[in-house]
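Trainee: Here is how the chains run, residue by residue.
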Amino acid sequence: MMMPFFLGAAVVLVLLMMLSLVRTIGGPTVLDRILGGNVIGTKTTVLLLLIGILYEDLGMFVDIAIAYALLNFIATLGATKYFLRRKSVHETEE
Amino acid sequence: MSAIAALFVIPGLFFFAVGTLGILRFPDFYTRLQAAGKCDSFASVLVLLGIAIYNLGDFTLASLLVSIKIMLIAVFVFIASPTATHAITESALIVGVEPWMRKERKKQ
Amino acid sequence: MSRMATTFLAMLAFWIVLSGMFDGFHLSLGILSCLLVAWFSHDLLLSVGPIRSRIRDFFGILRYLPYLFKEIVLANLQVAYIVLHPRMLDLIDPSLVRFRTSLKRPISKVTFGQSITLTPATITVSIDDDEFTVYALTRSSAESLPGEMERRVAAALEDRR
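Chains as they are written, first to last, in my numbering: chain A, 1 to 94; chain B, 1001 to 1108; chain C, 2001 to 2161.
To be clear, the hints were calculated from the coordinates, so they are not data collected in a lab.
Treat the numbers as computed from the prediction; the structure is a model and nothing was measured.
The C-beta atom is built at its ideal place from N, Cα and C for all residues, glycine as well.
It cannot be assumed that every hint is accurate.
[Said to hold, decoys possible] Simulated DEER-style distance windows between Cβ atoms:
1) B/Ile-1094 with C/Ser-2033: 31 to 41 Å
2) B/Pro-1027 with A/Asp-57: 38 to 48 Å
3) A/Asp-57 with B/Phe-1076: 17 to 27 Å
4) B/Leu-1024 with C/Ala-2155: 13 to 23 Å
[Stated by the list, open to error] Here are some chain A residues pointing at chain B (derived, C-beta under 10 Å):
5) Leu-13
6) Met-17
7) Val-22
8) Asp-32
9) Val-39
10) Ile-66
[Unchecked claim] Calculated lysine-lysine pairs in the DSSO-like style (CA-CA distance at most 30 Å, straight line):
11) C/Lys-2070 with C/Lys-2104
12) C/Lys-2109 with A/Lys-81
13) C/Lys-2104 with A/Lys-81
14) C/Lys-2070 with C/Lys-2109
Assemble the whole structure, with the sequences as input and the hints as a guide.
Mentor: Laid out in structure tokens, this is it:
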């Protein structure tokens, strides 16, 4: 009974991720892209759990979701620190 | 159980939508961070809570452990998301991304 | 030594939650690796200080959490209103706010900074000693700082000597 509901929620999440992808591709600065990637990562963590419910194997997918949440955080921090060392984040100026 | 879960998941999806609309509509980088950094973290905590409650529907030790794990993810998101937002904002200020201001403020 | 024991217990609880296996093999593996981690990193997780004040900090944060959740919900609704408003640019008025805080302990400063970032329309940019730099989205949110939240954090975590 709840399966169509969670399926709908997952579809909505994927559509929202596509909208966030507009910001990731469109820029205008590198930091906007990092932000877009971070937002997509947060949604992916939730989406993994929804997929777990749909496959009726939440116990397996929750471990993947934990790993993904950790990775997403580390990746954002790492990318931010990396671009902090460069002179500019505006690609047009280079 | 599933009704309570839906009660958490639907507002969560709404705030996800608001966060995504926010990063598309706001005029500059800093304002986008506002929408992305917290609407998203709040929304994901709501949805995670909903999934944890739904998972407790058939109560066994295994499903209890899975729900605890989901709550651990929620706690982690709550701590990590402001830290990431903070790091991105600070590096944007140091690098010198131009903030959007009101016109009357720009003249000052 | 007590720090090492606390780290070990926390790690063991985490191991049990993550593995979900209760047979002798997995538990002994867990105890072994938790001992190793506790030995390597006992000075990372907890700072120096009596264990009693740590417990009091924990309960202080617990008492602070309901207020924080209420603020987060209210502020999220506010940001949702701004985002969905058709003439959004008239509503926002971004500005950088600097103010001094009376909070002394690092943990309360961090809690306060994270709370500011979590409640929408404000982001903590940097904390230098006791000067906070906060980016505020609207004028009203800029004026409300530091406000009640600082008092709550102070009540929860300060004055523990």
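Trainee: Kindly indicate which numbered hints from before are broken by the structure, ordering the numbers from low to high.
Mentor: Hint 4 contradicted; others consistent.
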